[in-house]
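Starting from the two chains in their separate frames, assemble the complex, guided by the hints.
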Amino acid sequence: MPARLKAVSVRLAQAVPVIFGVIVISFLLTRALPGDPAVQFAGPAATAESIEEVRRALGLDKSLPEQFLLYLGQLARGDLGQSVSTGQPVLSELAARLPASLELTLFALILSCAVAIPLGVLAATRPGSLVDQLCRILVTAGVSLPTFFTGVVLIYVFYYLLGIAPSPLGRLDFIYLDPPHVTGFFLIDAALDGDAETWFAALKQLILPGLTLALFTLAPIARMTRAAMLSALSADYIRTARAAGLDRNKILYGYAFRNALLPVVTTLGMVFSFTLGANVLVEKVFAWPGIGSYAVEALVVSDYAAVQGFVLAMALLFVLLNLVIDLAYSAIDPRFGTSAR
Amino acid sequence: MTDMLTDMAKALASTPETQKKKSNGALAHTLYVLRENPVTALSFAMFAFFLGSALFGPALVPYDPLATNAAVALQPPSAAHWFGTDNLGRDVFSRVIAATRLDLVISVAAVALSFVFGSLLGAIAGYRGGMIDTVLNRILDTIMAFPLFVLAMGIVAALGNSVANIIYATAIINLPFYARLVRAEVNIRRDAGFTQAAKLAGNSDARVLAFHIFPNALPPMMVQVSLNLGWAILNAAGLSFIGLGVRPPTPEWGIMVAEGANFIVSGEWWLALFPGLWLMLAVFTFNLMGDGLRDIVDPRRRT
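If you read the protein sequences in the order shown, they are chains Y and P. Just so we're aligned: 148 in this note's numbering is position 148 of the first sequence, and the numbers increase by one with no gaps anywhere. Heads up, this note's numbering is the position in the second sequence plus 1000, with the first residue counted as 1.
This is chain P alone, in the form it adopts within the complex (with noise of 0.2 Å):
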């Protein structure tokens, strides 16, 4: 842990030349773990298509995804309608990637709120210790006591059925995870050696917990996010399925399920299948990346 502020040290001390050569040392370090783990590499190109079908996606689609046509309702998959057609005959290709915007902003808002709230309070929690860590511990006790789904279907129902709402359900119920893991991470170190170093040369309680302790959370914190975000996309999914939230004829990967599964039973399997599946290929690319994450930014590896 004390590379810590011999890195910092560094840092400062660096002319251009030693910074050019750090950066390039955590790219190699990328491009090694990248060429040991042919499985990360793949999540992190599946994650790039994801980004760029949500990034340019509704641009590039072959159809509007919102635009009903009678005359090709219920098709099976073929060469114009790659995904086939809905029973309003809108393309399910063109849905299912425009879907892909809304639900990583869903799920990365979500994360990124749980992340943020959930860092500041177990920092604290975690550095002050007493009343404020006993109080928070029971709070957090208390929302894991609740099934999570369960909790996030009351909290919107509570606060009304929107999509930012859907948000800050996901956000709470994530919360926890992220604060434990801070609060413990914050808890050990702030007696450490550094730690009382860095308090001796000067600097603030805040400056000493955001700049000198709490980087250590962030790699088991990177995995975290990574799996977190696979959750968040399935939770989302999960509550526009039962109705909630996204409203149609918004293309979304649940509610597109939920839709497409009333047609299961006469046999069109397309309307379903394919928006299940990205909701599925989203999930898992995030759940590999989680690993690939933690072996690039464990600052114990990148010496």
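So here's chain Y without its partners, still in its complex pose (with noise of 0.2 Å):
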């Protein structure tokens, strides 16, 4: 369909502003360093030399928007700079840590997606009732909790009291060993190494965790979506479909639910970006060696090469899950692209 091509091409090219800008700012970040970036970069022990050598390496003695181009190359290059601390290059750490991450992000967005689309299309289809009561009483609750301070409470309750969880440290205990390196996903890992012992033991270190960030994310998909299934089912295409005597179900989940998933996609765009800045406060709280722990390290240290590359790391994560959603619009809206400008 032409149609829908051209849209998804403009949507495209509208990303390419927001990437251009993402990059202007986290230059902007890098450059406004307190003090000499200079300074800051050659380290702790360096002397008036090899400072100033680091800042001809830099290119900080010329101009800005020279500096910017000079940006723009190492971007290309995929060179975020060196890690202080480490030595290493910031770009491989992080690419490193990234499925750690990923893999506690994605297990608790699936996790919180399961409780509250369902929740939230009860509490809509019967309001006023004991099922919308529970979702009004979590939506309020959840959106208060500091996710840091659920997780404390969690490992408390379920490592200390019950004594049903592991010791809240890491991605595996020391006892297993990594599974052979395929994704970086450890379920996925251990899943294709055929070694059940190593996959649940994974699973049971990712619950604690993923159940933090879940009860986080758990409030805006459950509100959105059970807002977005009254106005659906209150629809007059509902009315007609009830009208036509179609069957409750056909009604409910064939055209009601399809319209009105569409919001809580958008939604999900929204929540991923919190669930991005909660995975820094979930990571260090259960030492998840994803990138968010890996920031809060640098900054404890202030490796801001390594600080710097993580935010930009998250904004392009970020841009770019937001321009697969809308691409998802075209697969489940049927009006997608016939408005197209």
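Be aware that a few hints might be false.
Listed next, the stretches of chain Y that the computed footprint assigns to chain P, with coverage defined by at least 3 CB atoms under 8 Å from CB atoms of chain P [what the hints assert, rightly or not]:
hint, stretch
1, 108-117
2, 285-297
Some chain Y residues well away from chain P (every beta-carbon gap over 12 Å; in silico) [what the hints assert, rightly or not]:
hint, residue
3, 19
4, 47
5, 54
6, 193
7, 261
8, 304
9, 307
These aren't lab readings, by the way, just hints derived from the structure by calculation. The C-beta atom is built at its ideal place from N, Cα and C for all residues, glycine as well.
Structure (structure tokens):
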């Protein structure tokens, strides 16, 4: 369908200025470092000559537009600078730790969608019922929960009091070996390896941090599902479908739910943004070796290249995700592209 | 919307008596809303409690929140220490109450900054339209393209690790919400009948914008402010939880949870629980207040 193809390419083109803006902001953040960036990047044991050398190497003796072009060139080569504390390139460290964060985030999102969407649908179909009240309480309480606090409470209850959760330290208990690296997702790698014991061990470590993040994301998804379902159910086409004598399930899931899904998918994009931020806190609580805890460690030792690399990587990830969500619209929404300008 | 004009006319022509009647009306409406919705009343009572804690808390608490006493370290809650003591023997209750001031100051200052600058930018962009509007929208899009907490981390890392920079970072990440809201509200009213009437009556653009159009944006803004105060507290506490901004031994909820988290695996739950609970209650209060405020300030309900 050419109209749809055109709409997709328009959406792709729209992402370009946003990505450019993100790069400009992260450039400004790198150059706005307190004091002299050259001193920061040269490290604590720098002499006057080595600082001067770093200044030339980083191109800090040039004008700001020239520096920006250099920065663009570095990014194009995938160079996010060197981490001062570990001496490794920031990009490779981020890449090594990204699967841990993604595994946690996706696990949490799947978990919360699995609870929140049915809850929202049930609450919308039975307004005023017990389910609706439960939904309302969860939504109001959920948005007030500080993630790091939920995590600490969960550790206390399930690790210290009940003793059913493993110690909240990382992705795998030290008695297990990491599964052979294929995707970096321990659950997938262990399954590919056919190692059930490691798979369960990894799942056990994942449950508490996953639950913490899921509790945080539950509220917006449930609220949006409920609202979208309510407005879909009161639409004219539902009345028509009812009048035509279609059976209840067909109306509910075939028509109302499919239409209600659109705003829910949009909300998922926003929820993902919150989740990426909350990830940092949850990873710190559970000593999860993802990019969030990498950034926190880098912040503590003032490793600015690592922090800014992390911020840029997160922003690009988020832009990419929003793009994917908008493109997913074309699959869900039959109207997509018909009104494209 | 034309009732704005009649309101103005009334206000101009009002004698002291009608003024009194009007303020009585607002008060009666507030009382009515509070009676109709006990949850709102509860949230206002809780807000008053937090405000009281912030104003008088540091003077009223039984112990010095910074005084260490090794003899009573890590004691569970008791009559002498309601919330127990931490690893240095500091009274957790005193610290939790004393921390209210700092947490509220950070969030209120951040929200006030984003309210003022967001309104200003949004109002100008919505009223003028054209180039300014496009540029502002692009900038806001770019800010929103970052995961907001991550951007706040980046800003604090770049500007330097201090409480003032936490406030700026929180203000920047909240700015787009205000600017967009005001822009939309101003934009739909810039050619409205009452706007044109006000202009014809000889009011300057700035005056029309500030006194005729902008007040219409206030009801949704109040809701946004209240919800945002909750986010701002969460955001600031989150930043200090990961070691940014507030430094120990300053009492602050986020940093207290962070310090308490080290003791949770050995069973000393009170160190992290109480500051976390207070943080949660504060956010909860602001979220509940958001809906209550909307009912009170909505001009369509004031008749």
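Cross-check of the supplied hints:
Counting residues of the stretch 108-117 of chain Y whose C-beta sits closer than 8 Å to any C-beta of chain P gives 0, which falls short of three, so the coverage hint is violated. Counting residues of the stretch 285-297 of chain Y whose beta carbon lies closer than 8 Å to any beta carbon of chain P gives 3, which reaches the threshold of three, so the coverage claim holds. A Cβ of chain P approaches the Cβ of residue 19/Y within 12 Å, the least distance being about 8 Å, so the stated non-interface status is violated. For residue 47/Y, the non-interface assignment is confirmed: its Cβ lies about 24 Å from the closest Cβ of chain P, beyond the 12 Å cut-off.
With a minimum CB-CB distance of about 18 Å to chain P, residue 54/Y clears the 12 Å threshold, and the non-interface call stands. Remark: the non-interface label on residue 193/Y is consistent with the geometry, its nearest Cβ contact in chain P lying 31 Å away (cut-off 12 Å). For residue 261/Y, the shortest C-beta to C-beta distance to chain P comes to about 23 Å, beyond the 12 Å cut-off, and the non-interface label holds. With a minimum CB-CB distance of about 6 Å to chain P, residue 304/Y fails to clear the 12 Å threshold, and the non-interface call is violated.
Some Cβ of chain P comes within 12 Å of the Cβ of residue 307/Y; the nearest lies about 5 Å off, and the non-interface call is violated.
In the structure shown, a violation is registered for the earlier hints numbered 1, 3, 8 and 9, in ascending order.
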